[in-house]
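Put the complex together from the two separate chains, hints included.
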Amino acid sequence: MESTQSTKTPTSWLSATNDVELVQRCRSGDSIAWRKLYDRYSPSVYRFTAALGVPFEEREDAAQDIFIAVYRSLRHFRGEAQLSTWIYRIAARHAIRMGRRRRTREMMRTLLSKETLPPVVDPREQSTHVATLDKMLAKLPAKKRTVLVLFEIEGLSAKEISDVVGCPENTVWSRLHHARSELTKVARRMAP
Amino acid sequence: MMWLQSPQDETEELLRNALDQAKERTGDEITHRRVWARVASPELAETRPKAPGMAKLFWACASLAALVGGGFWAYSTFRAPESIAIQPPSVPAIAKQPLDLSPPLDLVETERVPGQVVQSGAGEKMRVALGGGAEAELFENSAVSWDRHRRPMIKKGKARLSVPHQPPGWRFSVSAGPYLITVVGTKFDVDMMSRTVRVAVTEGIVEVGRGSSAIRLHAGDSWEGPLPSATGTTTVASVTPPPSPARSKVIPQEGLAAAHSALDTGDTQRAIAMLAQLSKGEGPTAENAAYDLARVTRDFLHRPRQAIQLWEKYRRRFPSGVLRKEADLSIVETLVKMDIHQAALTETEAFLARYPNSERRTEMLETAARLRATLAASAAGN
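Which chain is which? The protein sequence lines are A and B, in order.
Start counting the first sequence at 235; every next residue gets the next number (our numbering).
Start counting the second sequence at 102; every next residue gets the next number (our numbering).
Keep in mind that the hints were calculated from the coordinates and are not lab data.
For every residue, glycine included, the Cβ atom is placed at its ideal position computed from N, Cα and C.
Errors might be hidden in some of the hints.
[To be verified] Label pairs and their in silico Cβ distance ranges:
(1) S307(A) with A454(B): 28 to 36 Å
(2) S265(A) with D400(B): 25 to 33 Å
(3) M103(B) with G313(A): 27 to 35 Å
(4) K414(B) with H411(A): 51 to 59 Å
(5) T344(A) with M103(B): 34 to 42 Å
(6) K438(B) with S391(A): 35 to 43 Å
(7) G234(B) with N404(A): 52 to 60 Å
(8) R312(A) with R455(B): 37 to 45 Å
(9) R337(A) with Q109(B): 33 to 41 Å
(10) K373(A) with G232(B): 44 to 52 Å
(11) G170(B) with R331(A): 23 to 31 Å
Next comes chain B alone, as it looks inside the complex (with noise of 0.2 Å):
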């Protein structure tokens, strides 16, 4: 018999329900498409950054002398520079801004050997490719240089980096003095001051990861962390924790969530007003919300073609958007259940052109193959 199957009292009762509705809990439809992504082709991808071998015993070490001894001693120990926590980030700096007007700058491909320099002069400007279709943008008498994996890194002083979308798996890293930034698509400002690295992201997600700790910045966050010749000094405490009022403005993410929340208990309307907000900001969940409003608005609103219409602006909006390809099969998949066979062969056959090795494409040949058959057959009847 079922444990608690006959509840004796409520808080057995409590506890009943509480493991049906875990039961339930398997994470809604874009999350996993989400995840998808990122998996697609597993080897190809980069797993999360994690702390180095020496980093963990370290944190190993302090954490039980921590334990032990506790106290100043430990206090005064974890404040070295290997134990300087990510602080959390400041808002706002980027929309102070001033409008740049100037014409742009052309770019320097270079061979991105580790150990190459490049480097701005006084009063100079450059635009230099870093790989990937990441390019940065060097302020005066500022550096750039490649590590041995061919990862660039900022060497000193202020570079614009901008990154487009990366491919399934991928995530595009730079190093700013000992902390690595990590991003999918995204643009954002590293600043090499005399004592502090500042990071300033403009678009999308940037996380900032030293040893074990990283902390993630959202468009419209910026976050200080001091360089090893300057920790130990007042710093670190000189950075304040963002006020609260401004978190929800840059963590629409928990949007989101209360979108599908809203479409969970029923209210439609109100989880599609959510999903238009959110999907006229930037960044990641403008994405995800651009593709969910569609989504929606075919499932729950019933109405296809403007369901069409609206993830053909996604695509506008995010040519290589990481739902891209979801968005262009959901496109197939309307047109197909709509009956409206030139429309969806059309947009099957570009699938096919644009995505040759997709873990989708014999299905996509079989409707492709379906669609011609129909349209042949109705052609003939005519």
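Same shape as in the complex, but just chain A (with noise of 0.2 Å):
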């Protein structure tokens, strides 16, 4: 996650505390550290659950969550990793556990006959090419889909990917090539 402001969230008071530092004073109750960090992560949150298939309208309410999760585990936080690292294993948790709710719940709708609500697509994306990246990710399994999301849109090295997944980091090499391969098949059928 980068570690500066990308949106047009208040700046003005935000200085260059490292994240170490931010985590402990957020631990202690500082409201101020606690707005630091959110600046710092919620863009980073957002892309990262936009990418692995959060629709448009649940990612308030994921954000909201994370955010929550994140505050409520500090005190477990024990500096092994970094920062950023942990919280994508937070959001990467609730964004797969979000998606298999989802999937139940349409599942059920399915089966019930009912009727499908058509998802709501953020109209900035629409024209993009984002919308058509995310139904393509769609096809892949969730363990490549979040490798791959981590490393080519997050930037993340692979032994970062290697922290948040929990798995080897040769793993993570091999989970990218079959993600890439995948992701290049899927792109060639779906292409106009």
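Here is the structure:
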């Protein structure tokens, strides 16, 4: 995750506090530090959950749940991994869980012959390649998709990804290789 | 070397472009402000309603059975009480309600202890305080009670609920039969009929949930769901989905995104026209649009004075709005940039008095000190 502010949320009071200090201050109930942490990581959390398939209308709720989970788990953060890696881990788990629930819900609706409501699409994404990419990524298995998103979109190294997903570095490379190859195949199939 | 750095064909080029665009998808400012309003006090925040353990187990078993067996047995099993899905909202019902011109009723305050029941008699109406500033108007032969979490429950009859905007991170919940209705700040009716529960939203957004299913109702929507004693009847099937043209009227959240989209494409005037239109509506979308209208006026039209007037208008209309604090801060920031020191100081002091525990307190104290120094220097110069 970038350690600089990438949206237009108020920045004038932000300083270059490092993550370890930020966590310590958050733990002691410092609300300024908590705001800093939020401002620093909320754009990445939004981008990451979107790329993992959280639909437009659920992204705010997902971000809310992830940041509450982050706050409640801060006392368990030992600083062995980077804060960004740790937040990615929480976000990935949450996004995958939401995806599972969503699929179950859709399946139940289909079984019960209920009309499925069409997904709400961010109009800004409609005319871009991102909407197409989301459809292609949806065809990949969750593990491969997570690795590909972390590497290609979030720009993490294989070592950092192995910390996020909890597997050896070699497995990361292998999943990445397969994910790239499958994504290219899907893209060729879906290409107009 | 980066993957697809030198695309071999159109497909690879599309993929490269898509990946690059995905890197820019970081959410807009208002999204981050709204989420912040909900996580600013995470120690107080409730996570969104989640399925209890048994319900989760049930859904897992039900899904497995459906996959393996399929057919009629699974179908009929899933129609059992626990699995009844939340139906799409029906639209609209509220507008037809007659205007109530009767004098306001006295507010009944109770201790709200678990198990306590407040009941209205035949031909009687009551106004009952539910806690957290919320109140219910009980129609005749209606009853409200409180569960062990001191959460209000509509026991029978019909109630019109009015819930003020909750502090960041807080949500107000009321149960009606097996359904949990969760709101941030709104007005809505709950009608416990003999076989069904009906929820009709007048203002704001309401979430009706049961187990892991939930549906969002916007202003103007109404929804009906069966009570356990009536499950398995044809009531469920009788609820019809909303006609599609009405949907754009009741979910203006999409309109807000469309306004941002117009802004992104450089069509500022269109974005402003859309925001102005949305801000005239009701509920959270109108609130977001009213705030954003001022921001766009300042940042894109470069009219800071007009922006301040719009934020002031926002404050008058949504005195306890989710973005109230952001509006106060935006006014201070704008006044400081315009070098209107006295007004900026007044606003800064008002902010400090209003939000003594704000995470921006230190910064605002520094701002106030700087403004005082500037004002003193200019007074000495004169």
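For each hint, the structure was consulted:
{"no.": "1", "hint": "S307(A) with A454(B): 28 to 36 Å", "result": "holds, 35 Å"}
{"no.": "2", "hint": "S265(A) with D400(B): 25 to 33 Å", "result": "holds, 27 Å"}
{"no.": "3", "hint": "M103(B) with G313(A): 27 to 35 Å", "result": "holds, 31 Å"}
{"no.": "4", "hint": "K414(B) with H411(A): 51 to 59 Å", "result": "holds, 56 Å"}
{"no.": "5", "hint": "T344(A) with M103(B): 34 to 42 Å", "result": "holds, 40 Å"}
{"no.": "6", "hint": "K438(B) with S391(A): 35 to 43 Å", "result": "holds, 41 Å"}
{"no.": "7", "hint": "G234(B) with N404(A): 52 to 60 Å", "result": "holds, 58 Å"}
{"no.": "8", "hint": "R312(A) with R455(B): 37 to 45 Å", "result": "holds, 38 Å"}
{"no.": "9", "hint": "R337(A) with Q109(B): 33 to 41 Å", "result": "holds, 34 Å"}
{"no.": "10", "hint": "K373(A) with G232(B): 44 to 52 Å", "result": "holds, 49 Å"}
{"no.": "11", "hint": "G170(B) with R331(A): 23 to 31 Å", "result": "holds, 26 Å"}
Of the numbered hints given earlier, the model fails none.
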